Every structure is written in structure tokens, then in C-alpha cells.
Amino acid sequence: MLKYTEDHEWLNLADGVATVGITNHAVEQLGDLVFVDLPEVGAQLAKGDAAATVESVKAASDVYCPLDGEIVEVNEAIVNDPSIVNSDAQAAGWFFKLKLARPADADGLMDEAAYLALVG
Amino acid sequence: MSDTTELGKTPLTALNARIGGKMVDFAGYEMPVQFPEGVMKEHLHTRAKAGLFDVGHMGQVILRAKSGKVEDAALALERLVPVDVLGLKPGRQRYGLFTDQNGGILDDLMFANRGDHLFLVVNAACKAQDIAHLRKHLSGDFEIEELTDRGLIALQGPAAEKALAKLNPDVAAMAFMDVKDVTLAGASCIVSRSGYSGEDGYEISVPAEQAVELTEALLADPDVHPIGLGARDSLRLEAGLCLYGNDIDTTTTPVAAALEWAVQKVRRAGGARAGGFPGADVILPEFERGASRRRVGLAPEGRAPVRGGAVLFADETASEPVGMVTSGGFGPSVDRPVAMGHVATSLSEPGTRLYAEVRGKRLPVTVATLPFITPRYKRA
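From first to last, the protein sequence lines stand for chains X and F.
Per numbering that gives the first Met the number 0, the very first residue in the first sequence carries number 0; after that it's consecutive.
Per numbering that gives the first Met the number 0, the very first residue in the second sequence carries number 0; after that it's consecutive.
Simulated from the structure, these hints should not be mistaken for lab results.
Nothing here was measured: the structure is a model prediction, and the numbers come from that model.
Some hints here could point you the wrong way.
Simulated pairs of lysine-lysine, DSBU-like, Cα-Cα distance not exceeding 30 Å [unchecked claim]:
1) F:135 - F:161
2) F:48 - F:165
3) F:161 - F:48
4) F:360 - X:46
5) X:96 - F:360
6) F:165 - F:360
7) F:68 - F:264
8) F:68 - F:161
9) X:98 - F:165
Isolated chain F, as found in the complex (with noise of 0.2 Å):
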């Protein structure tokens, strides 16, 4: 991007900067790295209570049938991504990967069955290029809209509920990954209890015009506390979530990425509707015989956090490397560094010793379950 390029914004983007938000250039968009209360803080009190966070860079679509019928959407998804789209109730929600023809993870997503239409939501540095690729695959048949003039706030915490439900009583009886439309300080919006913080929580649709008011009425509840991308990034990583760029990319597959979980049986060999997406040929059989590696938590033994890009081997002296940190930092919640990386699928075993490259200095590292914190969804 060159410097000439103006930065986008979000419907909420002065109201971060004037409540103290340090902004930052984060996929083109100008956004909130942390507030004055600092990451650390900003991390435990969503943890404790429940942090705001401002995810409007994201992308929001609408895929439609001509035919009016979300079947039609449903099937058509599912020529991109190796989910059970077709199965998906209305009012639910799901996560889904568009995959490339190597097998390899063009971008992730949520998408949502609202009764007539899919609702995704992709992200941001990935949006363009994502509704590129739906249109490419789709035209004719299908309706792909960017839903440019809403903005999209994620509340969560275990104090979420209340919080929301302050708004509107509705929300409290949504169970993780439902969705309905719900009417909020006026405004008309699309809430899925949903999140990307291993907490329990929402994500919410607003229209544009709207977004302020509703941030506000949020942020006049003394447990609801603004939380920058550096708290963002620190409770995703706890949670063992991916990092579309980070921990997932085109050179990963849904079996190498641990993601097995997101490709229900009916899409996997001998299911229902097998196949049928790109890369097929080459997932599917990795299903029976493993991927060559694979993304797995990493707990450093020491404090010293070993960040993404740092090189893993076997043994403090081996020259050969065995794998790669994609995501690291420090834990607040568990106060010990955390990581994520791929490995050798022979060295994935949780216990497993390895070793980070970090400053010239070979640092102990071991293989973890993933999360590291135990998740509060609120599961049906």
C-alpha cells in the first residue's frame, strides 16, 4: 500500500481515537490497538467481565439464490467450502474455509442461515479478493452483496449477557452460534453469540448510522470495557483459535491446520455429498493418512514469550528445522507464554520437547493441547 492511500474506516473509528484508542494501519483500516487501560488489563477484564471490541473492517456478505430458496445458497457454498452448509438449521451459524485447488486455506469465515439468505463474515485483509472468488464461482445464479454501510461490534465476557441483555431481554435465551434479527438502542441488527475470544459472548450487526449510538450504550455499562486488537489477538491465541495469515494460509490444509472438526462426515470421503469443493483430491485423503505437519499449541517452559516466525528443532543443536511458531506472545489470563506452530506431524504429540530459535538462544518449548484456557460458550 503506498502512503498516499488513505486508510479505511469503520463506523466506529473516531469514537475509538477519541476515547483514547491508539490507532494503527491493521488490513488498511485505521483501528485500536489498545485503549489507555493497555492490553494486559484490556485481556483480563474481558476475561473477567466483558471488553467491546470495534471488528467493523471485517467483511459482511450476503449470498442469495435467485431462486429464492437458501438451499440453492447453501449448495452453492458449498462449491467453495468443504463444510456441511446444506445441513445448517435457520438462525445458526457455523465456521467454514475457502479452500484453494492445492488443499490450501484461502480464508476463514463464519456463515449464518437466515431463513432466505446466507450471512458471511470474512476477514478483512482477505474481503476483496474472498467476494472476487464468490462471484467468480457463483455469478448468474446467485446474489453476492458486500454489506458496506453496517458496522459489526463483538461484546464478550462473561458479563456479555447482561450487558446485551440491558438492551434487549432477547439475547439471553440465544445459545452459542445462534443467530436472529434483534432490535438494539433503535437499531436494527443481526446478533450471533459468537466470538473469537474462548469467551462467551456476541457479535453484532449494526447499520452504520447506528454503530455509535449502540457503542455507547454499551460502554455506559461499568463492566463493558473498549479492548484493542492487541487484547483481541492475546484472548484468541489463549483460546487456540486460528489467525487467518498467521496460523492458516494457502500452504496449509484443513487437516495440517487441526481443523478436522470443520469439515462435517457428509463432505469428508463416503459422505453424503463427498468432495465437490477445491483441493478434494487433495484433503479428502488426508483424512485417512495425515498431513506431513501440523498446527499445535506450544507452551515455552520459561517466561520468555517466542513470538511467530520463530524456528523450531528437535534438539538444542540439530541444524535441521522441524517446524515454525505462527503465533506467540504472553498469556495474561494462564501468565506464562503461549504459542502456536506447526511441526512435524511425528512431533505433534502433546509432551513433546522442542526447541524455539529466539535472539540465537535454543528456549524449551512443549507440545500443548490447545486451548489454554477452558472455553465459557454457551453451549444449548
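Here chain X stands alone, though its shape is the one from the complex (with noise of 0.2 Å):
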């Protein structure tokens, strides 16, 4: 199951892991990024932390935690090579997976197209 916050970031649900990153959108916004840099495996983080960094040319920007819960892998693929954030967003792009406290908090996010008429 496909859910989105408002900070653009999206989640694929399976039994109570989210696999996390950040959508088409944001990419545009951001343009080529540089350099990323993950959370460590383990930590546990709340809805809200700043959980992952992005850095573009130009300017760095914070990912944001989606939800309470525990970093239990990250892909070590978009540190060493950032450009598969922007060509693969929404797959291969994908920055940590998170063991989520309560899985019944995933039911307050947006669905895809409640995040696809937010951004327009």
C-alpha cells in the first residue's frame, strides 16, 4: 500500500515496514542532488525528525521522518551515487525503511491521489 505526507515524501507499506522516500515532485523541486546522507540502522526516530539530508547544488534540504518507529535498513546505493534519487524516485531511490511502532498510523496519511491533487 502507496501513502504520501505533505512533505513529499512516500511510503510502501508491508507488514508494518515502510520503505520511504521521497517522490517525483520533490525531485523536480530539488533538481540534481549531490550528496545524500541516511540515518543509522537502529535509531529510532519520531514522526517529524530529521531523519535523512539531501543536498543539492545549490541548497540542502531535510527528509523528514513520516512516522514513530525504528530505521531498520537503508540504502547505501543513492550515498554512493545521489543521481538514482533523481532518474528513480519512487523505487530504486528509496532512502531507509522504518519499522513502524504502530502501523495503524499509516491510515492518517494521504493516498496517491490525494497527494497528486496537492501538488497539482
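Combine the two chains into a complex, taking the hints into account.
Rendered as C-alpha cells:
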């Protein structure tokens, strides 16, 4: 099940674990990424915490943790080659996997139709 | 600025928006930060072929002596800049600095000897203040006129000469820092062979009503792409060129700014026209004993860009800062982060390792010689 946040992250939910990345819309706004900093595996994060940082040529932006949970895996491939996020933001360019503290929290997030309406 | 204030427009604002420029407020002007190609490709294209930049937000100012003699205008400008203006030959341009009584830098500028007057190009954010400064100190015997009816276009990159010479072959023979009148696409332009990218190229002052036609003629060349302010900043940073308000300001003296080269010997202690500009009593002794801090290049050792405002430390645990990053980002041509900053002079030797604090982490950076790229100016 695919969910979205107002901070332009996508979550692909399966068995209480969310694979999290940033949306195509976010990538278009950011431009070419040159650096990605990911959280440590095992980190316990709360919704709204800065989980990752992305940098384009011009500016740095935070990627927020979309829900309370624990980081169980990170995508080292995008650290080695940030351009993967530009070329495939919603699949190969995933950032981290988050084991949700309360899987039902995801029910409050937007579905794809609501997100696409938000970004117009 | 209140949000009811309308943003300024250049003669090219509508064209920039029409061809996909992402328009932002810059120094009170509606300017393109990037075009659809994006900052990275725009930057690389400028170094590979040619980039066209709208810099019509900058101030273009005529300084003329009522005597009609350019020498009188030159000596007048020397009262405000620590630079050899009188020695600049007709048809040549030079870099200069307006200084204040404390030895700080009010703005940096380019000025040209146009035969019977001086032609100045100043920063957009400072131009009102610069013109007021000129009028306050040079009233009476001088005319100071802002040319508000002209656009300014920069064409930069190794293919700039070929692209511009298609419109007028005379530009090919110009050398770095030459300035001359050139007719381009029917427009009477003032062209200088200079720029802000580290590449060969030109800056073109064009009558406002002919700026769009000239720009379209240049963009018709497939080698010429439109470039926004984002790539303009990364290009100048790789080239080691200062951005006023970031790398130099009123708290920075010419020596602290590592701009000694801009103060010719004739204006230094012992020179024929030593001193006689604001702050000379602070600035000139620093040529002997140095300043307490110094602008340097900084090469972050990792992949993380280190941005302006990051505080510098001598080691990973020290609590006292030793400097600050003033400009920083990713350098597309060198494919790594690049930065500039001010550090204590004792730590300004290239190779010195310092630490920049970024998001609570201390990242190692090495003091580096500037520029980060090899400039390709067409020296005579």
C-alpha cells in the first residue's frame, strides 16, 4: 500500500515496515542531487524528526521521518550515487525502511490521489 | 522589502520566464535561478560550450568630468577606490572596490576607461547605495548617470567567441578586459571581454529595447544555453571569485579578502598616489603586517557540501571558532564540494586542516589555493 506525506515523502507499506523515499515532485523541485546522508540502522525516530539530508548543487534539505518507528535498513546505493534518486525516485531511489511503532498510524497519511491533488 | 513592493524587471525578465526560467526574487529583481536544464547541466554546459546569463539587475553607471577629461574622472574615482584608475588605458577595464572609513569593502565593481568618461558596473544589491556614495563625494565637477535604459548580458564559455563573432567578427580580436563599442544584431552595444565564471567570455551592455532580439539571436546558436543564477554562483565559486555580501563586506578589508592584487602599487604606501581613499590608514599598513583573518579556499574532504555560515574549528573538539565558511556548495566541474571562508591568518596556509560544523558534525576541510578550476581567460 502506497501512502504520501505533505513533506513529499512516499511510504510503501508491507507487514508493518515502510520503505520511505521522496516523491518525483520533490525531486523535480530539488534538482540534481549531489549528496545524501542517511540515518543509522537501529535509530529510533519520532514523526517529524530529521531522518536524512539531501543536497543539490544549490541547497540542503531535510527528509523528515514520516511516522514514529525504528530504522531497520538504509539504501547505501544512493549514498554512493545520489543521481539514482533523480532517475528513479519512487523505486530504486528509496532512502530507508522504517519499522512502524504503530502500523495503524499510516492510516492517517494521504493516498496517491490525495497527494497528486495536493501537488497539482 | 514589503510584499506589496513589485519586483524589478530586466529587459529580459519576460523572455526568461517564457523559456522556462524558475523565477525568484534576487536583490529585488525577478531573476531566473535555473532553466529546465537544471543547475548541474547549466554549469557543465557553460564550461564545455557557452552560457548566456541575464545580469541586467546590475547597475550600469557613467562617471564623467564636466571638464571632459577622463583623467579628471579617473582621479575622482581614485578618491573612493584603492585602485589605479588613472593608469587604465582607453578601451580597458579593471576590477575595483569601494572602501569605507574603517577599511571595509562597500561593494566591488568593474570600471572601464571609455575614452572621455568611465563606465562602471556595480552589484544590484548595492547600486542605489553606490550611486548615492558617488554623488555625495563627487558632486559639483562630475556627472554621475545611471543607465537604466540598458540591459546587461553575459556570454561565457569556450564557445562564446565563436557564437558572438557570428554577429560581429570584431569581437574575436578582443583580449581579456578589453572594452569596445560593437554593433550586434543592429544594436549599439558596449562589449567587454570579461565575466564571472572563470571562462573566456563577454559582457554586453545593450539598449533595453534591443535586448530581447540580441538574446534570441545568441540563443539561436545551439552551443548557447540560457543559464540561471544557481549555476552563475557555482561557476564563480569554482573560479574563486568573491560574491559581495558573502565573501566580502564592510567587515572585510582588501588584505583580509586576499584581494591585494586589486590594489596596484601606485596606491600603496610609497606609491606615487598612495592613499587618498576611505580607510587608507587601516588598509595600507595591512600590506606590511597582514590582517588578522584571511579569505581562503576550502576543500571539504568528504562528499558533503559545506555551505556559507558553517563555523570553522581548528580540531574536532575545540570550542573556540577559528573562522567561518562564506560561500560553499558543490562544484560540478571538479565533481566535489568546494567552499570559501575566512580563517585566522595563522591558519590560512594551503594544506591546513580545519573542521566545519555541519548539522552538529565536524567535517574535515583543507585550506586550498584558489581557484578550484584553471581559468581560461583570453589574455593578450
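A quick look at each hint next to the structure:
| no. | hint | result |
| --- | --- | --- |
| 1 | F:135 - F:161 | 43 Å, violated |
| 2 | F:48 - F:165 | 15 Å, holds |
| 3 | F:161 - F:48 | 10 Å, holds |
| 4 | F:360 - X:46 | 22 Å, holds |
| 5 | X:96 - F:360 | 24 Å, holds |
| 6 | F:165 - F:360 | 52 Å, violated |
| 7 | F:68 - F:264 | 24 Å, holds |
| 8 | F:68 - F:161 | 36 Å, violated |
| 9 | X:98 - F:165 | 62 Å, violated |
Violated hints, in rising order: 1, 6, 8, 9; the structure is consistent with all others.
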